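Asker: What follows is each chain in one-letter form.
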Amino acid sequence: MKKQLTYRKITKLKYVNEYRDEDLAKSYLAQIKDIVTKPWNIMEVCGGQTHSLVKNGIIDLLPDEINMIHGPGCPVCVTPIHLIDEAIYLAEEKNVILCSYGDMLRVPGATKSLLDAKAGHADIRILYSPLEAVQLAQNHPDREVVFFAVGFETTAPANAMSVVQAHQLGVKNYSILTSHVLVPPAMEAVMDDTESNIHAFLAAGHVCTIMGISEYGPLVDKYKIPIVVTGFEPVDLLQGIYMTVKQLEEGSAELENQYSRVVKSEGNQNAINLIQEVFKVDNRVWRGIGNIPQSGYEVNEKYAAYDANLKFSVNIEDTPENADCIAGAILKGIKKPSECSQFGKKCKPEFPLGAPMVSSEGACAAYYHFNFAMNQI
Amino acid sequence: MQYVCPMPKLDFDRITLGHGSGGKLTNILLQTGVFDLLSNPYLDEHHDGAILELQGPTAFTTDSFVVSPIFFPGGDIGELAVNGTVNDLAMCGAKAQYLSLSFIIEEGMLMTDFWQVLVSIKRACEIAGVQVVTGDTKVVERGKGDQIFINTTGVGQILPTAKISMNTVKEGDVIIVSDVIASHGIAIMSKREGLEFESDIESDTRPLNGVIEDLISKYGDSIHLLKDPTRGGLSSVLNEIARDSGLGIQLEEKNLPINEQVKAACEILGLDPLYVANEGIFIAIIPSNLAESVVEHLKTKVECRSASIIGRITNDHPKQVIIKSSIGGKRVVNMLVGQQLPRIC
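First to last, the sequence lines map onto chains A and B. Counting with the working numbering, you get residues -2 to 374 for the letters of the first sequence. Counting with the working numbering, you get residues 187 to 531 for the letters of the second sequence.
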């Protein structure tokens, strides 16, 4: 059966140009400049926001008092080395069709990346949706198909959906290799680190679209910091930063929602139900950061047959990070990419030492590709 | 224009290894297919090579085409193979004249598909005014290719008033793009297995030699540089120019012409249009005082309706391409690392 994944007809997108409007952006910049009186460290949690900040040149446009610190919200960056090695092992040694989002392929494992394994004839395929992987499994009943289920809460519903769908269709040769991480525990880990000095957060709009905003109120109360749920377009980001600075300058600490055209307080209940159907919350190792308790999803007992870890009983030990790579400090916002001695030298997107230089959402790659490469290359 | 080129009646419906053996089957395929369809005095000689009379500076270029799928919205691999090489010659300031044409066919390719590719080649040659004067056909075992790969090599004499050279690019020159960007890559992507989406987006594959010959006859050596930004997208070509000229390039994001559907597809797929392939546009680097005139001239051509001034050459930030974002920020535009999508052309 030829797979048929047909998207709705693409026409002009709404809500894009409106949020890239130069006049509106300048007006928020002026308002930020008007109210800021002190230096503030604001962490944007999500790699998508980091990407947008640098792509649109926003960091340079902000007043000097505003120091944007780039958070751990790049799923590719925090996927531990041993899971990449496990994916490579499954593709090379177990004759598995290993499916992954494209960003994951160039991330270095202990000795090589998935892309290296692909060049060496492992069957590794880049997909845009895990549902395609289920179809692939149907089309190849004689092969095992594994989807590398990487991501934050945002990609969890689709990955859960693929498991539910495989179960409903009786597809037994499909499983997922899970590397799912959660935002709120990561924010706590950042705040609890004695070296970090964060005054406020822009929370990740897309994660909140799924999960709602209720998890962030307790963080506001615990750490007494403003959290503003923020979108990804330039005007979204500038408005989110303005709302954050306003709170900081007024001495308040509230949970606010800048991205209300997308994020509902209660989130997306259908998506949450799917996540709860398939996953359970468990401890997770974050690359560069280490173990964070109750910070990720694992496939639960009901769907254990779809858990690649259990199905293939692979146990690969974690390998230490390249000694020259300061990914941990980058991911916790303690250092900027340009403060790394190897940035743009031994570590470049084409030869990354660590994961943040790979994904376009990784802080190092974002800096390299966009603004901050100017003085480094 | 609909071409009526009925396929000759053959006693096989798929290409087999024998069609590449050089023996009888090869001869049947060539005689009834390639030679008749592409007939011209040079090819009709059926010799080991073509004997051409060329005088003066001559451009010489080659390109291989491995696009998947071979038929895509707005074109196919045959048309692409002709237009790609014709355009490379045009970018040198040459009048595209003669092509070689080599096929590497995978065993089992449907004869009807091969015929359709041949007819496209014939049509593209006629539109571009070039002749296929020599060629080759090989067949590889099933699984060792992907239906068909095509190589074309082209020669053409340099137009008398053309002086296209990296050395003539100067600070203050402006950069013009001839039409909307990123259409080819997105058209291919819309048909990739597993990623089909509905759209009206078509590849921009087309010959640019007519437009370029006209441009050079009107503006002569004021056209400092021409480049067609194919598989690496606009960013790669601009970075090559910055690197090779030792000068900097400033771009204006707001001025980049792009079709709304292509823009929407790029947003959804997470692609930067600057890195997406094109097959039917060029960039021209010219003195700033001619910028408006060249744009107006280009806009009269059907191939260049959206011609725009997108940036300029600067002595600031040598060897770097920097774009001013739509909200006024700046970023470096680097060359594509790895690939956004394989086998795009």
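If you're looking for bench data, these hints aren't it; they were derived computationally from the structure. Incorrect hints may appear among the rest.
[Unchecked claim] Far from chain B, some chain A residues (derived; all Cβ distances over 10 Å): (1) ASP57; (2) GLY117; (3) HIS196; (4) SER257; (5) VAL259; (6) ILE269; (7) LEU271; (8) GLY325; (9) ILE331; (10) SER335; (11) HIS366.
[To be verified] Derived lysine-lysine pairs resembling BS3-like cross-links, with alpha carbons at most 25 Å apart: (12) LYS281(B) <-> LYS324(B); (13) LYS516(B) <-> LYS52(A); (14) LYS52(A) <-> LYS510(B); (15) LYS343(A) <-> LYS505(B); (16) LYS281(B) <-> LYS30(A); (17) LYS404(B) <-> LYS487(B); (18) LYS440(B) <-> LYS485(B).
All figures in this text were calculated on a predicted structure; none of them were measured in a lab. Yeah, the Cβ is synthetic: ideal placement off N, Cα and C, and Gly gets one too.
Asker: Now, for every hint given, state plainly whether the structure supports it.
Answerer: Against the structure, the hints come out as follows:
1. ASP57: The claim is violated: ASP57(A) sits with its nearest Cβ about 6 Å from chain B, within 10 Å.
2. GLY117: Consistent with the label, GLY117(A) stays out of reach of chain B, its closest Cβ about 16 Å off (over 10 Å).
3. HIS196: 23 Å, holds
4. SER257: 21 Å, holds
5. VAL259: 15 Å, holds
6. ILE269: 24 Å, holds
7. LEU271: Its Cβ never comes within 10 Å of chain B, the nearest being 22 Å, so this holds.
8. GLY325: Given a closest Cβ separation of 24 Å, the condition holds.
9. ILE331: Per Cβ check, ILE331(A) is outside 10 Å of chain B; nearest 24 Å; holds.
10. SER335: 13 Å, holds
11. HIS366: 5 Å, violated
12. LYS281(B) <-> LYS324(B): Violated, at about 29 Å.
13. LYS516(B) <-> LYS52(A): Holds. LYS516(B) to LYS52(A) sits at ~8 Å (cutoff 25 Å).
14. LYS52(A) <-> LYS510(B): This hinted pair holds, its Cα atoms lying about 10 Å apart.
15. LYS343(A) <-> LYS505(B): 20 Å, holds
16. LYS281(B) <-> LYS30(A): Measuring from Cα to Cα gives roughly 57 Å; hence the hint is violated.
17. LYS404(B) <-> LYS487(B): 14 Å, holds
18. LYS440(B) <-> LYS485(B): Between LYS440(B) and LYS485(B) the Cα gap is close to 19 Å, so the pair holds against 25 Å.
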